[in-house]
Amino acid sequence: MAASPGVKPVASGAPAPDAPLIIDGICKSFGENAVLRGVNLRVARGELLTVLGANGSGKSTLLRCAIRLLDPDAGSARLCGKDLAALKGKELRLARREAAVVFQQIALVKRRTAFDNVCCGALGRIPLSRSLTPAAFPREVRDRAAVALQRVGLLDAAWQRAGTLSGGQAQRVAIARAYCQQASVILADEPVSALDPRAAEEVLALLADLAHNDGLAVLTVLHQPELALRYSDQIVGMTRGEVSFDKPPADVSGEEVSALYQHLHGA
Amino acid sequence: MRQRPSTAAAVDTIGISSPPLPPRPGGRRNRWLWLLWGVLLLGLLVYSWIEVGGSISTFISGIFARKGLIRDVFPSTVPPDLSVLWDGIKAAMVTLCIAILSIVFGVVFSLLMLPFAARNITPNRALYELARLIQAILRAIPELIMLLIFNVVMGFSPFSSVLALTFHGIGVKGKLFAEAVEEMDTSPVDALRVAGARRGQIFLHAVLPGVRNTLLGLTLYRLDANFRSAVTLGAVGGGGIGFLIDNELNVFQYKTVLTYLIVLVVFVLAIERVSTILRARFT
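Protein chains in written order, with the working numbering: chain U, 1 to 267; chain Y, 1 to 283.
There's no promise every hint is true.
To be verified - Heads up, simulated SDA-like pairs for lysine to any residue below, C-alpha to C-alpha not over 25 Å straight-line:
1) Y:Lys90 / Y:Leu261
2) U:Lys110 / Y:Arg119
3) U:Lys247 / U:Arg93
4) U:Lys82 / Y:Glu51
5) U:Lys90 / Y:Val251
6) Y:Lys255 / Y:Thr232
7) U:Lys82 / U:Glu242
8) U:Lys88 / Y:Pro123
As the list claims (entries may be wrong) - Short, incomplete list of chain Y residues facing chain U, as computed with Cβ under 7 Å:
9) Gly68
10) Ser187
11) Pro188
12) Val194
13) Ala197
14) Gln201
15) His205
16) Leu208
17) Pro209
18) Gly210
To be clear, the hints were calculated from the coordinates, so they are not data collected in a lab.
Computed from a predicted structure; not experimentally measured.
Each residue gets a CB set at the ideal place from its N, CA and C atoms; glycine is no exception.
Chain U with its partners taken away, still in its complex shape (with noise of 0.2 Å):
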């Protein structure tokens, strides 16, 4: 509806195929209180970028409205060279498909096996007929889970239930899931909050991988400024709802990334 006039150069002039995901100007409020204040920013292909802030800077939200989990006020996100505000019903559904999210819960179904899950990312390519069970998945989709599993190192465990996998096990076979999915873009929602040091450093190093080699935009949120410097190829800071700093790691300086912890707990 609320198409920002903003956009429309950006669309016009380059499509983008360097940049599947686009956010111009996002504004999001919760009653009172505006968690968004006209965020920009854009992830390349074959780029991981970080976005790192206090907690209630709005980087979750950020995350979520970028894939329409929640529908922002005002601005846009461009998936693709669609702008998802403008889609509903079956059109976002497709649309959505070229993102992957990958959540700080880890959202995999416990009582169903790493190979099941995986295989569930690509859920929105196969007909409902060949849907009803596990069991009923194309080959093509088995294949390409089996695929995603090698790739996160985690082939072995696929007759393991989730449930029983360890915590960066999971996360690493959530990511499967997501790139089995065969999305441009991986959104991450604190993906290594819920993990211990090691298992951290496989994911992100993991996700970075993933960016690098297999020319995926990776957008994560993270509250690990060190892990965030040493992986990523762009950070973004954030500080109530908007956009303090938008730079390569090595340019970061320390003092900014503490400004980004101090300003919210000064207030």
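Could you slot chain Y onto chain U? The hints should help.
Okay, now just chain Y, sitting in the frame of chain U:
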């Protein structure tokens, strides 16, 4: 000033000075409110006792008097008439069949309503309210009344019991199932939704596997409830062992009644046991 004595007292009890607590909100007014509730509850109890004609002497004489349960009825029940044992078992099997059929039908219809009846996955608010309304109505009409209605239109038979238990059960299980879904971790639902999965696919691959065990447990729990209900329904023409017990009581055949009661207790305990074991295995 008023904090002084309490601080001093605290030094005595725990050996260090305790900080004065901020004043408790409500205070005295709360206490009056509690008293009011207590009086109201007591009044309700007295009213109920009078309304049902409660009488301690009636109870004592019913149990202990010469024509009462212990001195008259119990002695005339022993020894149980074991010649009707097989009839009792066959009738209990009928009751069990009623319980099983009504559970299965009830589960099927509850599952069909589930995608609409759970607030967190329903496609729209109106369908949710409709599903919950249907369930509330079915739940509000007791099985017994449903059976009486089915008896009128279809005659006395165990099948009428199945229908009565099925419809009432949709009301009960439908609500329990929906609440299980509303309490589940919905992050897998979000994950599949953003992967572009259809509603049906999300239901089959995230919702159902997520709550499967809870639903199984609830179903097994309802199985022994349904069996006991089916016994009761039998007494009003629904067939099975309840029907036999009612018949024999009417003609004062207490020895036969005792045999049926033994069969009944064994069946109920066995079903409870099996359902407990299965529930433990599934959760």
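Quick check: which numbered hints come out false for this structure?
3, 4, 5, 9 and 16
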